[in-house]
Amino acid sequence: MAIIIDENTRAIVQGITGSQGRFHAERMIAYGTKIVGGVTPGKGGSEVLGVPVFDTVKEAVEGTGANASVIFVPAAFAGDAIMEAVDAGVEVIVAITEGIPVYDELKVYKKVKAEGRILIGPNCPGVMSVEKSHLGIMPPQIFSEGNVGIVSRSGTLTYQVAYNLTKLGIGQSTVVGIGGDRIIGTSFVEVLEMFEKDDQTELVVLIGEIGGTDEEEAAKFIEKKMSKPVVGYIAGITAPPGKRMGHAGAIIEGGKGTAESKIKALNEVGVEVGRTPMEVAEIVKRKLKG
Amino acid sequence: MAIIIDENTRAIVQGITGSQGRFHAERMIAYGTKIVGGVTPGKGGSEVLGVPVFDTVKEAVEGTGANASVIFVPAAFAGDAIMEAVDAGVEVIVAITEGIPVYDELKVYKKVKAEGRILIGPNCPGVMSVEKSHLGIMPPQIFSEGNVGIVSRSGTLTYQVAYNLTKLGIGQSTVVGIGGDRIIGTSFVEVLEMFEKDDQTELVVLIGEIGGTDEEEAAKFIEKKMSKPVVGYIAGITAPPGKRMGHAGAIIEGGKGTAESKIKALNEVGVEVGRTPMEVAEIVKRKLKG
Amino acid sequence: MRMHEYQAKQVFRQHGIPTARGELALNPEQVRKIAEKLGGKVVLKSQVLVGGRGKAGGIKLANSADEAYELAKQMFGMVIKGHRVEKLYVEEQLEIDREMYVGFTIDRASKGFALIVSSVGGMDIEEIAEKHPDRIARVTVDPTYGLWDYQIREVLYKSNMPREYHKEVTRIIKPLYGILVHNEAELTEINPLVVTRDGRIIAADARLNIDDNALYRHPELKELKDYTEVDQTERIAEEKGLNFVKLDGNIGVIANGAGMSMATMDLIYLEGGKPANFLDVGGGASSEVVKEAVGIILMDESVKVIFMNIFGGITRCDEVAKGLITAFSEMEIPVPVVLRLAGTNEEEGRKLIGEFIKEKGIGSIHLVETMEEGAKKAVELAKGV
Amino acid sequence: MRMHEYQAKQVFRQHGIPTARGELALNPEQVRKIAEKLGGKVVLKSQVLVGGRGKAGGIKLANSADEAYELAKQMFGMVIKGHRVEKLYVEEQLEIDREMYVGFTIDRASKGFALIVSSVGGMDIEEIAEKHPDRIARVTVDPTYGLWDYQIREVLYKSNMPREYHKEVTRIIKPLYGILVHNEAELTEINPLVVTRDGRIIAADARLNIDDNALYRHPELKELKDYTEVDQTERIAEEKGLNFVKLDGNIGVIANGAGMSMATMDLIYLEGGKPANFLDVGGGASSEVVKEAVGIILMDESVKVIFMNIFGGITRCDEVAKGLITAFSEMEIPVPVVLRLAGTNEEEGRKLIGEFIKEKGIGSIHLVETMEEGAKKAVELAKGV
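Protein chains in written order, with our numbering: chain A, -12 to 277; chain B, -12 to 277; chain C, 155 to 539; chain D, 155 to 539.
Treat the hints with care, since some could be wrong.
25 Å max Cα-Cα, derived DMTMM-like pairs, lysine to aspartate or glutamate [stated by the list, open to error]:
#, chain 1, residue 1, chain 2, residue 2
1, A, 97, C, 338
2, D, 321, B, 42
3, B, 97, A, 78
4, A, 30, C, 338
5, B, 154, C, 303
6, B, 97, C, 296
7, A, 97, D, 281
8, B, 272, C, 527
9, C, 265, D, 425
10, D, 321, B, 34
11, A, 251, D, 526
12, D, 400, A, 185
13, A, 100, A, 118
14, C, 265, B, 180
15, B, 211, B, 189
16, A, 272, D, 526
17, A, 97, C, 261
18, A, 212, A, 180
19, A, 251, D, 425
20, B, 97, A, 102
21, C, 530, B, 259
22, A, 251, D, 281
23, B, 94, D, 425
24, C, 321, A, 42
25, C, 394, C, 374
26, D, 321, B, 46
27, B, 154, C, 527
28, D, 241, D, 261
29, C, 328, A, 177
30, A, 154, D, 501
31, A, 45, C, 303
32, B, 94, D, 442
33, B, 97, D, 261
34, C, 321, A, 185
35, B, 272, B, 255
36, D, 312, B, 46
37, C, 312, A, 34
38, A, 100, D, 261
39, A, 276, D, 425
In short, the hints are calculated from the structure, not lab data.
This structure is a prediction, so every number in the text was calculated from the model and none was measured.
Next up, chain A with everything else stripped away, as it sits in the complex (with noise of 0.2 Å):
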C-alpha cells in the first residue's frame, strides 16, 4: 500500500501548458506516474505530453476519468483552480503553487473540508509513493521503496532527509509535503494519522519548523493514538524572533511555536529529535534495527 495516492491514481495537472506544469508533468509522467490530461482555460482541445488538454477540469474528469490533480498555475490564479478541482469531484488535489493569498487559502479549506477532499500544500512539493504515483516536484532520483512513511512542513529538507535514508538503504513508502504556508489543506495529524493506518509504512519521520502549533499538535496524536514510531527534525532554532523567515508559516508567534517548544513536545511524548537532518537518518537505522 501507500498513502494518498498509489498506483490507480489518475491525474491531471492544472496548467499544464506553463513552463513549470510542463516541464513537472514530462517528470512525473517519465516517472511512471498516470497523467491523464492537462487543464488550461482557453487552450482546450490541444495536446501536451501526449495527453489531451481540457478548458475545465469537469471536463478533463469526464474525458479521462481523472481522480487527482496537481495545480502549477500562478498565485493569483491557484485558489480558482483548487476550488474547481473540488467542484469537479478531484479526490486529491496538491497545489504546489507558492505566495496564494490567505483570504484564498481560508475559502478553499473550508471548501475541500466540507466536500470531504484531500489537499495537499498549497506552497508544497507535492507527494511520492514510491514506485507507484508523483505528484509534485520532488527529485524522483534520492526516494527508494521501502517502509518509512516522511511528512514534512520542508520540501528541500524532505528531500535531504529521503536522500541520507536512501543512501543507508532505507526505503520511503509515502513522502508527503504539507506545505509551508500558515493555511495548508492536510496537517501532520491528518498525515500521521494515514500512515498509522497503512500497512507499508512501519515508522514515520516529521519534519517540521517554527511558527504554528502543528508539531505540537502532532505531538498529542502521537502520544495518543500512533503505534508506530516517529522520528523528529525541527528547523528554525536560530531563527530570530519575529522576523519572517520566507515562509508565511515561519514566523514565531509571540513565545509560542518555537523550535524549542516543538522539540519539547515531541521528546514528551517520546519522539527522538534530530539536531542535523544526517543525524534523523542515522536514529531511523537504529530505530528500524532494534
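Got chain A sorted already, so can you dock chains B, C and D onto it with the hints?
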C-alpha cells in the same frame, strides 16, 4: 413516537423577555412543553415565568441542558440568534420570526446543514408533537393526539386543517409548519422522510402554496420513497402571476411554481389534493377508513 | 424592491459596468435638451416597474431632438399595464451587432445564487431557455464561498458565447456579482447585454431588485423607492403594515396569514365569485389593524361584500371582533360583512360580535361557522341573491 | 505588509472608528504647527515599524507647541531597534480613564479569524493573557459565515468589560472586522482602546498588517508601503525576489527553501558559528538569481565566508553552479565559498564547478559532500582555522 420534538425536548426561548416571546413561552409551558430557560442579551441572571434568563445561548445550554430553542427575536437579530443557537450546540431550532433578510437566511442555512442540526422556519408557526411538546405559536386547543402528520408552508391553513381533522375525530402525531420564506431550514422532503420513519404516523397531510418547486420535489420523493398515504392541499389557484402575496415565497416564477403545476405533480404520484380545507379532512377520513 | 432602469444603471456604472450615455427626463422639454446633448439619435425608455414595456410601446427611437420631443409628449402620461409613465430615460442609440444576457438571482432550490449567461438575449429568460437551450448556461454560486472565475468560465463555455467576448463579459459578471451581494439583491440582470458594431460590450438594460427585508441595512437604496409606482391603496396598506394586493373582483377579502388569504380567495373562486383583493392582516393583528384593513377594503368602490376569514393562532379572535366593532362605530360600512372566527379566543370573539349585533341591531354582519360556508355566503351576497 | 499607525488610523477613520485628532509631521517645524493647531498639549509618536517603541523612548508628551518642537528635534533621527525615526505622528493628548484591547488576527489552528477582546490594554497580548486571564476573551470567526453579533457579545461578556462600554465597543469591532476582510489583513488591532475621562471610546493606537500575497489586489495599499522602513539590503533582495533577513553573525548563508535555509543556519550554530543572514533563493532559482544572492551577501562587510547549501528539487544544481561561476566572473568575491550541491542535476553542477576551479585555478571554492560537512567547514573558515 413523533418527529423532531417529543417529551424529552428541553427548550429555551430566545427573546423570552419580549412581548411575543413571553406570551408564547407561557402558552408553551401551559401546554406542558419543557421550557427550561430563556435568553435575552443583557438580561442574564433574571427570571421570567419561573425559568432562568441568560445572556447567551451557550450559558443557557450549559445551565439548563437545553437541546432545542424557539426564536422570537426581531427580524434584524433573528439570523444572529439562529447562528448563536447552532454554535451553542442546540439540536432543534424553531425560528418563528418573519421578515429575516434573505442573505442572513442563506448563511444560516449553510451553517445549520454544515453542523447537522434541524432548523424549522424561519417565518413559521413552529412544531407541535401533540400531547408531548409544542414549540411555536400554534393554538394548542385545536389539536388532538393521533396518527396524522401535517407538514405545511402556511400557519393558519395548518390550523384550519388540523381543526377540521380534530372535528372529524382524527388526531395528529406531529404538525410541522416549515415556513413561508424562500430559504427555509427544512423542506417538505425532509419532513416527509421523518414521517415515513415515524411509527406513530400513518398518513401525512401536505399543505403547499404557490412559488418555488418544493411541492414538486415532494411529489418525486413520495413516488420513490413513501409507503404511507399523503393527502395534499395547495393554496393560490387564484393568485395572479407576478404579484407578491405576503410571503416572499408566494411569487409565481415564470410559469413554474403555479398551483396547477403542483396539484398536477402530486396527482400524478397518487396524492389526492383537496380543493378546500374541509375536503382535505374528508379525504383523510376516507383514506384512514379504507 | 425593484429599482428603475435609470437607478440600476447608476449603480452599475459605479461598479464599472459600461452603459450607454443617458439621462432622466421628467418632461418633454428635458427630453429635447438631453437628446440635443446626446446628438439627436436617442432611445426614450419609459421608467415603469413592469416587464414587457417595449412591446407595450414604452420604448421609442427618435432620430432628432425634435422627434424625441414629439414622441415624449405622447409618452408622458401613457399607462402601461396600469403604470403611468412619469419619467423617461433618454439614452444614446447604440448600433447593435448582437444581444446577449447575464444575470444573477437567488436560487431557492440550491440555497445559493444562480448565475445565468446566454449568448443570445433580448427575450425573457424562459423564452431563451426554450428556443436556444444550447445558448444558455447556469451555475450555482455558493454564498459561503462566493463567485470564482472557474464558474464564470464554465457558463461562458457552455453558453457557446464567442470566445472573443469572454474577457469583457467576465469583466462585467464580476462587478455584477459584487452589486448583487453588496446590495443584498434578489436579482441583478442585464438583458440585453449588447455587442455594438464597434465591438464594445454594453449593458443596454439593467435590473436590480433588492430584498425588502434587508432594505433597513441599505438606507441609500431605500431612499430610491418610487412610491408613485405603487397602487395608491397598496401604498397606504404598506404604511399600515398590511400585505394588500388589488385584484379585479368584487368580494373584499380579509384573512390572517398569506396561505389562509390565498385559500379564501380560492374558495370564493370555487363558489363562482371573484375576490377584489388579497389582504393579509398578518399574525397577532390588533383591533386597530383590523379596523384599518376594513377601511382599505372600502376604498375600492367595486367591493360588494367583505369576507373576513380569521383562524386565530397568534391572532386573537376577540381582538379581531373588537377591530370590526370599532370599524362599524367609526366609519360607514355600506356593504355586508361575512365573518368567520375560529381558533384562539374564538368564543370571546363570537360573543363580542353577537352582543354588538344585538345591541346595535346591525343586520349586515353575517357570522358563519366555517370558511367554506363563509365563501358561499359571500358569493351569494355579492351576486345579490 | 505592516502599515504605519498614521496610515492605519486613516483607514480606521474612514470606517468610522473614532481616533484622536492628529497629523503627520516630517520635521520639527511641522510638529510645532500641528501642535499649535491641536492646542499645545500633544503626543509625539515615532512612526517606526517595530513593537515597543513607547518603552524605547519613541513616544513623548508635550505640553506646548514649543516643547513639542524641542522634543521633535531630539526625536527625528533617533534609531529605535534599528529603525530611524523620520516621521512623527502628532496627536492631541487624551485624558485616559481606562485602557482596553480589541483585535482580529488570522488563526491558523482554526482556519479562521480570532477576535480578541480585553477589558485591560496597553500591554502586549501575551502579557494581558498572563496577568489578567479573566479580563481577556477570544472567539473564532469562520470566514465562510463572517462575524455575527452573538460572537461579539460573547467576548464582551467573557472579558468582563463593564456593560456601559459594550454598545460603543461593538460599534468599533464591527468596522474593525470590515477593515480586516476588506483589506485582506492578517491583523487589525487597537491597543490601547481607551476610555477618556469624558466617556468617549477612542482608538489610541492602530495596527493593520496586510497579507503580502494579496497586495496585488489592493493597489491603493501597496502604494503605502514604506520602503524606508526596510533594511537597505533586504529591500534590494526583495526587488530581486529573494527572501533575505539580515542577522548578526559572520557566515553568509545561501540555500534553497526556507526549511533548508533555517536548517543550514541551525547547523552553523551547532558547529559553534553564527549565521550572517537568512537567504532563501526559492524553488527553481536561475543562475542569475544565484549570482544576485552572492552579491547581496557580499554587501554585508562582516561576512567572512559564504556557505551555499543547495538540495535540488525544482532547483537545478547546474543552474546554481552557473550562477556561482558568473558571480566569480563578474565580481570580486573576497571570501571563501563553501559549496554543497545535491539533488537534481547534481553531477552536472559539480562537474561545472570542478572544471571552473581547475581552469581558473580558484582555491576559495570548497566543494563538500554533505550539509553537515559544509557547516563544519564554513565555521572553520570563519574562525580562520
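- Structure versus earlier hints, numbers of those that do not hold, lowest first: Of the numbered hints, 4, 5, 7, 9, 12, 13, 23, 28, 29, 32, 34, 39 do not hold.
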